[in-house]
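All chains should be built: construct the whole structure from the sequences, respecting the hints.
Number of protein chains: 2
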Amino acid sequence: MDKERIKVVLDTNIFVNPDSRIILGETPQQALNNFLELLSKKNNIKCFMPPSIYEELTKFIDTQAISKIILINRKPPSKYEINIPSLLFYEFVEEMRNRINKGLRVGEKYVHKALLSDKEEELIKSLREEYRLALREGIIDSKEDVDLLILAKELSAYLATSDNGLIFWADKLGISCISTQELKTIIE
Amino acid sequence: MDKERIKVVLDTNIFVNPDSRIILGETPQQALNNFLELLSKKNNIKCFMPPSIYEELTKFIDTQAISKIILINRKPPSKYEINIPSLLFYEFVEEMRNRINKGLRVGEKYVHKALLSDKEEELIKSLREEYRLALREGIIDSKEDVDLLILAKELSAYLATSDNGLIFWADKLGISCISTQELKTIIE
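Sequence order for the protein chains is Z and U.
Each residue of the first sequence is one higher than the one before, starting from 1 at the first, in this note's numbering.
Each residue of the second sequence is one higher than the one before, starting from 1001 at the first, in this note's numbering.
These are calculated hints, taken from the structure and not from any lab test.
One or more hints might be untrue.
Under the rule of at most 20 Å between Cα atoms (straight-line distance), these lysine to aspartate or glutamate pairs were calculated in the DMTMM-like manner [claimed, not checked]:
(1) K143/Z with E1094/U
(2) K1109/U with E188/Z
(3) K1113/U with E120/Z
(4) K1125/U with E121/Z
(5) K42/Z with E188/Z
(6) K153/Z with E1130/U
(7) K79/Z with E1091/U
(8) K1113/U with E121/Z
As C-alpha cells, this is what we get:
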C-alpha cells in the first residue's frame, strides 16, 4: 500500500455493521466520529463516498452533529464516462441466470410445503428468507453497490467494505478491498 | 442504411421463430437455405453469428446439409477487449432488482394459492410460467444474448433479431436492430 497518497471509497457498513463498528466505536455515530478524528490527522489519505451511500449513512447516523463530516468527499461516479469490460457483464448475466433458477426452486419448494400445511405466516417468512439468500446474497443488487464499484474504479481507490458481494465483483474489476480493521490500521 | 457495406449479426430466431420464418421459408431449414441463396448474390452484405448462436441454430437446422452455410461468419465477440458503458451495468442491476422483487411476489402468491388448493401439478406449472414472465421476459438472460450484443457492438453491425429483450438493450448500446422483414428487404 502506497503510504504517500491513498484514496479510499467508504461503504456504510464500515460504520454500521455490528461486527465492524466495534473496531472504530460502539455505536455507528461514535464509529464515524472516531474515524474522522483519526482521519483529520492524516494528510495522505482522502476519503470518498458516493452521494447515494452518504444518503444511506444518514439513516443510521446524525451526520449534521459531526463537525468533521466534511472530510468525506461526496463524489458521484462519472457513470456516463467510465467503461467496464464486457466480460464482467457476461459473468453477471450468467450469475443472475443461475440465481433466477434457484429462486424458482425455492418458490416450488414452498408451494409443496403449503399444500401440506396451514401455517401461512411461517411459510411466507421462510420463503422470503430463502429467496433472498438465493437471489441477493453475495451479488450486486442495487445502484448504491454499483456506485461504490464504479467510483473506486474511477478514482483507482481502495474500497472499504465488508459486503461479500461487493468484494467478489470488485475483485473482477481490479479494485482492492480493505476491511474495517485494515482501514483503522492505515489511519492510525 | 448504407447500401455499400453492411454487416449483420444474425440471431437464431430469424430462421426459427414461426412468426419470422414464414417471411423467408416455411421451415427453419428452408428459411436459412433461401436466405443464403439470396445472400450469395450480394457482395455488400456480410453476415455473422457468434459460435454460441450457431450452436443453437444446429438444434433446429441440419446446417451440414446447407452448402452455402459458409457465408455465415462464425465470429466470437472479443469479450476480453470490448468495453461497455458502466451506465448499462447500472440499468441492468436496477432492472434485475425490480424483477427479483416481482419474482418473490409470484412465489408468495402461489404459496397463498397452495394453502387453499390441492392441485399441485397445476400450481407448479402456473408458478413456473408466471415466474419466467416476471424474471426473464424482455431481459438479457444468457451468455448467448450477450454474445449477440457484444459482437454487434464490436463490428458496428446491425443486429437481426425478434427478441424484445435484445432489442431493448441493443438500443441502449447504440446498436441498430432489424426485423426479419427488413433483413429480407436488404438482401433481395
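Right, here's what the structure says about each hint:
Of the supplied pair hints, the one linking K143/Z and E1094/U holds, its CA atoms being roughly 6 Å apart against a limit of 20 Å. A C-alpha spacing of about 53 Å is found between K1109/U and E188/Z, which places the hinted pair above 20 Å, so the restraint is violated. Under the criterion of a C-alpha separation no larger than 20 Å, the hint pairing K1113/U with E120/Z is consistent with the structure, at around 11 Å. At roughly 24 Å between alpha-carbon atoms, K1125/U and E121/Z are farther apart than 20 Å, so this suggested pair is violated.
Annotation: proposed proximity of K42/Z to E188/Z holds, straight-line Cα distance about 8 Å (limit 20 Å). Between K153/Z and E1130/U, the direct Cα distance comes to roughly 38 Å. Violation of the 20 Å bound is thereby established for this hinted pair. Straight-line distance between C-alpha atoms of K79/Z and E1091/U comes to about 11 Å, which keeps the hinted pair within the 20 Å bound. Distance hint between K1113/U and E121/Z is fulfilled; the C-alpha atoms sit about 14 Å from each other, no more than 20 Å.
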